[in-house]
Amino acid sequence: MTLTAHHVVLPVALPLLVAFLLPLVGRLSDGLARLLAQLTTLAVAVIALLLWPAASDGGALVSAMGGFAAPIGIVFYADKLALMFVVALAVGLLLFRPRREHDSTKVQTLWLLLLAGGSGLVLSGDLFNIFVFYEITAVATYGLGASAHTGAGYGASLRYLLLSALGSAFALLGIALVYAAAGTLNLADLSQLAGERLTGPMGLTAFVLMVLGFGVKAELFPVNTWVPEVYTAAPTRVTAVLAGVVSKLAMVVILRLLVLLFQDPAALGFLLLLGAIGVAAGELAAFRSRDLHRTFAYSSIAQLGLMAVAFSIPGHAGVLAGIAVALHHLVVKPAFFVLADRWRGEIAGLTGAGRTSPLAAGLFVLLSLSIIGIPPLPGFWAKLMLFKAAIDAGGAGNLTAVAIILAATVIEAAYLFRVVGILYGTAPAGRPPLRFTLGELAPGLLLGAVLIAATVSVAPLGDGLTAMAADSADAAAYASRVLPGGN
Amino acid sequence: MTLLADLILMPLVAFVVGLLLVLMARRVRAKIERRVGPPFLQPVYDIVKLYAKKTQVSHGVMHDLAIMMLLGGFITAEIFLPVPGLDGLAEHGDLITLVYIMMVPMLGLALGVGSCANPNGSIGISRALTAMLAYDVPYVVVIVGACISYGTTNLIDIVQIQQQGGPATWGAATMPILAFAGLLATHGMLGKEPFEIYIAPAEIATGPMTEMSGKYMGALFVMQCFQLYTVGVLYTTMFLGGGENWLFFLPKVFAVIFISVAVTNVYGRYKTDDVIRWMWKWPTGIALVGLALVMVR
Amino acid sequence: MSDTTPVIPDQPEVCRTVDAEERGVWRRVMDRFADHCRARSLFVLHYCTGCGAIELPPTITSRFDMERVGVSPMVTPRQADILLITGYLSVKTLKRVILSYEQMQSPKYVLGFGSCTINGGMYWNSYATVKRLDQYIPADGFIAGCMPRPEAVQQVFLDLMKKIDAGQANAWQDYYLNYDRYLGNQMALFGEEWHTPVDVIAEAEHYGYVGDGTRGRFTEILDRHAAYALRDAPEDYPERGANERLLP
Amino acid sequence: MTMDAEMLGKALYAGAVCLVLLGLYGMVVPRNLMRIVLGLVLLESGVNLFLVAAGFRADAAAPILTAPFTAQAAGPLVDPVPQALVLTAIVIGVGVLALGLALVVRVKEAYGTLDTHAVANRMARETGADPAVTAAGARTPGALPVAAGRTAEDAP
Amino acid sequence: MPFALPFDMTSLDLLMAIAAAATVLLYLFGTARLGGYLATLLHGAALAVTVAMGLDLAAGAGAIPSSLRLTVLGQQLAWTLDGLGWFFLLLTTGAAFFSSWYMAGEWGRVQQRARIQHGTLALNVLTMVLLLSAGDLLGLFIGWEFVSWAAFAMMIQAGGPATQAAYRYMLYALAGAMALFAAILVVHGAAGGFGFDQMRAALPDMSTGMLWTLFALFAGGFGVKMALVPTHLWQAPAYSYTPGASSAFLNAVSARMGLFALILSLVKLIGFDTLAGLRIPMTGIESTDILAWVAAITMVVPTYIALMQTDARMLLTWHGIGQGGYMLLGILVATPLGVAGGLLHVFNYATYQMALILAVFAVIHRTGTADLDELGGLITRMPLTYVALLMGIIGLAGLPPMNGFVSKWMIYKALIVTQQPLLSIAAFVGTLGTILSVYKLIHNIFLGQLRVEHREIREAPWSMTLPMLVLAGIGFVTGFAPGLALSIVDQAQAAMGVALLPHHLGGVVLATGSLNMLWVVGVLVGAIGVGALIFYVLGNRRFETHQYDNYAGGHFLSADIRYHFSHEFYPGLARVIGPWYRGWVVRMEHGLGVLAEVSGDLWHGVFRAAYTPLYVLIVAVLGLFWAGGAGGFGS
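Chains as they are written, first to last, in numbering that gives the first Met the number 0: chain F, 0 to 486; chain H, 0 to 296; chain G, 0 to 247; chain Y, 0 to 155; chain L, 0 to 634.
The shape of chain F in the complex, shown without the other chains (with noise of 0.2 Å):
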């Protein structure tokens, strides 16, 4: 059946409705309620790829709300580049859905809950819509990274809820300005009154608020201390998704601020700088690490100040970029996490695990040789585009900021490989470290088979992301295709 722009929705609705069906079903029997929500998770995902053609072709698919027209009514805005991450995370979801210790009826809610939360995220193009959808993936990262049921976990996800929490007043302060200057919420309105409106002081204040509040969950530099205690104390699984998909959906919405309504070159300065501490302070903490979780929160924060930068560069190549950077880090981060599942503990302890379990060893190097950049590797193109944008935005700080990163792809593979050297050290007699079963290192493996893909078919899968780059950074296309009759 053919889906039109209406069923645009259903990515958002469907999870809510079997979240708040979960407990009752789950009264009956917990294996169907499991199973319900494995169903709904893969609805939503095949929803979003049959939606894909239908985006394609029309540029964006566009539904308003309640039959309400534009500017007055919510808008949910479906272009490639939303409905990509819609896909992600839900594949993210299938994929490392909670081992059986962790899993019961209300994580499988907060499961939905965090499906529905992100996929509104991208898909609204309703400045307050996309908060309220915000604090929904808050509230359920907050439920989950407690439901290790530790006293760490509690600590973490408590502190994490009062920086979020604190940023969440931020950002509303923030969208506050920005109805209080331009007098509608509607982001393709706001992106056409953006020119004369959101200019001044106020708008790069709203600019500065909204930043930071959306930056707790895109990891960006003041705003990002939860992350190497949220990752450690969380499961590991949940950890992977976080890292991997749903900083990325924050990041997005950065995106589309500063897009649609902030091209004014001092918000994409300061973008960039918190980018390029980010990257600083991610690679340093992390060259200090000594377990390999830290490690990874660290190298994430590091990645998505990468991120940050790509998109405070003007223009489709930097969103291009950042599209790339992201793309590529949703691949090999919850990678790593797996490896990390088994390998717990200090890394000193893991010498010999080269040798006990050789295939994942061999995923660990492959990783982070795409990580640092290494050529036929999809994770150098990413760079390369990075600087290739950077270089031809030309501006001191660009030039900083890609000798910044450069120093810190150097301490990147000092750690990383550090580790790599412990790994095929010989074992000491006493005790070697743990084997991996096949079942645990399979999404790895997965990914690991994703990244070789991506890196034979570079060329097509370059051209795609050029395509949907381009569109997502044309503020024009999207203000066209929302509001009726294109004014």
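Hints in this document: simulated from the structure, not taken from any laboratory.
Just so you know, even glycine gets a beta-carbon here, dropped at the ideal spot from N, CA and C.
Incorrect hints may appear among the rest.
With a straight-line Cα cutoff of 25 Å, these simulated SDA-like cross-link-like pairs (lysine to any residue) come out [said to hold, decoys possible]: (1) 280/H / 581/L; (2) 91/G / 573/L; (3) 270/H / 573/L; (4) 130/G / 554/L.
Stretch-level coverage of chain G by chain L, calculated; a stretch enters the list once three of its residues show a Cβ under 8 Å from a Cβ in chain L [unchecked claim]: (5) 94-107; (6) 133-142; (7) 159-167; (8) 202-216.
Based on these hints, arrange chains H, G, Y and L on the given structure of chain F.
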């Protein structure tokens, strides 16, 4: 045909002049010690007696090969060293080639002594190489300075340049400081008294020559003749205007060797690191000053 | 070893160096020239065992200046022609003297300096000294006197030169031709196990100085327990047994 | 616009800013997690008040439909959109607050203390990764000094 | 085309195909009984194709294109091989052929992981082919990364200290690669693309500041691989702990990739005249002078560090770094003589260094150790290895009969003729140091007293001694007739755009003093013949004694007392220059490591702090003020 004559004649001339130089050295030493000194043919007698030894002890093939490299190296060096009337192959190999050809016999001797498996010899060679490093640094500075000031490294041209205006255009006249430094380095090169650490008879039993006997020792005596000759002629070629004819050439060579021989008999022996420190301080300093003057001009 | 009495060497009856094969004219001229040069260039190894050593510096330095006749001191036996033993010979020193002598290259000459080398001198009745030098190594000349003066030393040198010039000073061949007797005397003094690292027999065979006196009773004893280490691979001497313990 | 309406507008903004500042102070300074959560509440209410103030128009009537919409009082109506937003924001605030308090209870059960430093140190030791903590005890180069006299561990 | 290829494949494609097939096949069948010989066959085929390409290039074909095209994200990547690339390719395939031949015999059977050694060797050849035939800057960078990582794979397989050395190498190589990446990006910024011709077109209008940064980045990036002085710490341990034949390959060729890239970027692309134009204001010091002085220091300092080493492999690898300085200095003289000297030294170095390393590993194969204090007197047991090592050290020291002398002579001559005395003195001093340390190498291993435990050692098997001797033979032949090697160098020199040096079979004819090795070596050999004649005719027959029949002041020598001088071989020199080794660069490197750790701890503290809301507040307030200020002035 003249080339074949040169090939044969030059080493023989070198050997004969070398014998006279050795004789002069021993005579000067005797005179300083108020002794009569050896008879005229004493060097010849020594060499013939050594070669005529009935038993010749060898320590392996490398020991023999070393003797051949020794003689061969110096014969080659003589052929590339232009002397009045005999140019030999000087235009095929210039000053730098000659300096390195002179190192081939040194390496040959070192390998031969090494294969004698006698630690006295090895210590002697280690000191000899260290001394070589010590005196070669100023010597190299002198060579570079001379070549840059003459603008060529071809020995025949160097001699011609110096002979254009008689003594005024000699190397010693145009580059006095460099010539003086060259003299100090030449003295070190000859391995004479202040820098004779590697033949220290008392400590390491004549160092490299410990296990040399019979024709091996004879070859070393021949090498000493060649070495005195080569070093003397090289210095004269570079700084004393080379020889327009033998009558002027030989006295210059003997004068150069005489200075070094005279100095040697009144000095004690330096320790190895003192040799390095002295060589790298005074001759090198003077040579660098000379080089600076050459570069300024 | 049954008979330990020292054996008195008889006088060398051969007066002129006659090599085995008959010499052509050219070889004789060369030998004549070689002897001429040998006589005029003598390197002396001062084996200063006793009190006589003090007499040597004056003979070399300015007053008596031996270099006039081509004699100059040399440090190692390898390069020396004359082994000058200047004084009494204790048993311990004799071992070193014999090793030095064997390491010298022939034609080599030994000069006993002072009466101690002739008949034990003032230590004639001492248990520790050797009374006659030439029982152990062939000697070319002796200088009498209990510390003879430099003139005496010069005289013996000049006599030796005349003999060398005439080609008669060939005591060194006697060491090869009658090695067994010398070895017997040495073993009598130092015991059967003792021998120097120098393989005298191989040298004799190499240069053709093998006489009937070269091999005998004592050389068999020598063969039993001396293996000349490296040069001979272990499998060449099966009967000598493992030669880990190579030398004393 | 009458003077008092003008004053009311200014008062609204002033009130909002005071509440926000109070909330921020409440979240940053105290060491007890409970007080921080309460600070958060103040902050959110301040933001909500700011939202309402954004839509305030001095001389307009409340936008409540009592009767079918006709050119009723023909006077200007206050902007209804921010008020709708505030409704949602308050609901979200409550939801987050409830979850926060639940977590506070859990932390109290797990660690027996609500002092942020004690909790932070216990967490770091539990995950057992931090060189800075395990190596240098409570003292970490980056963090601010622990209040004198009260080490992290002496809390019950 | 010398031989018809199946379809439109050019010879470069054929070479790439062979190299790729070799990597796969050898990884699979490396340890099979005939695996070693398969490797030698494949590398031999690669060498043959390279030689054919050489003939092709000599016949006037400017460059050999490859049909390997790649367009990614708007970038076209093409691979073509010109004279310069071909010259280094010849060295690579030659070195690979000899090391695989060395590995084919007994050495291969003894190794635990011969399969990986064969595989990584072939992988290195493949990556080097890609690097050498890069058609544009991006291709160059990708090839550069491949080569670095292939070398890393080769170093890490030995385990133990090798992993430490490999890890350190990887950090240096990556830092160099990042500098290179920055350089390419600067070019892209200026020229709008990565192509060589785009870069050349954009050169004139580049600002001097940009040219300086480009020069610094290229020199720094490629200098790391060549181990120029400040970045030289990694090369010696990395190249000596790699097992056997691969170490020989790395030593002979791998560091020269840095030189190739340096020539390509600085000489071919930027060009000597532009570089000469780059002057430090008021001092008149050109950019090439700075690099020349770095090369001079790289020549002298590592050589005197090599002098103090006690491990034979470390001694040789430290010399490898020193010799790299000679090559760079030769090229930077920028006259035809200097450039030809530098390039010829690359060829000569590859021959004798490989022979030396293979000889040392033959000694290790037999005695089990390379420690100079544990060896001695092996000449009687391993004469062929001794001959190979002897000819190698004569080449390394740059003495007449061998080819090392010819290239060093050309470098000295070029420096003297262009009136650069201090550089030429540095070159001479470097050679003196080399002579001392190579004698120590050959003395401590082969000369002196043989140890009791080494008495039963046999000569290394033929499969190991033959490659060594062939390499030494090549060294002697190209020493005797340097014209052969010079004609190979001409290819590269022509491709570099530098005027060719007129030369004949024997050497070079110059107004300021020429060199004809045919005469020099001919007379030397003849004279040694005369020496032999004198030796055998005049004296009596020689009698060979054993090592214990030695003068020891009357002492009786025996096997149980070791009567051998090898430890601390130059005590006098050590006393004088000992205090000069303060290890500044080591402390600098350590400082960098500590800096990274301290800043890491700082950020650790920030992330773990309990006062996160305070940070947020501070940044928010700063952001607002800044926004207010910027916004206010913004348009």
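Hint-by-hint comparison with the structure:
1. 280/H / 581/L: It holds: about 21 Å lies between the C-alpha atoms, which stays within 25 Å.
2. 91/G / 573/L: 40 Å, violated
3. 270/H / 573/L: 13 Å, holds
4. 130/G / 554/L: The given pair, whose Cα atoms are some 23 Å apart, holds under the 25 Å limit.
5. 94-107: holds (count 5)
6. 133-142: Violated: only 0 residues of the stretch 133-142 of chain G have a Cβ under 8 Å from chain L.
7. 159-167: Per the Cβ count (0), the hint is violated.
8. 202-216: holds (count 3)
The structure fails hints 2, 6 and 7 (numbered hints given earlier, in ascending order).
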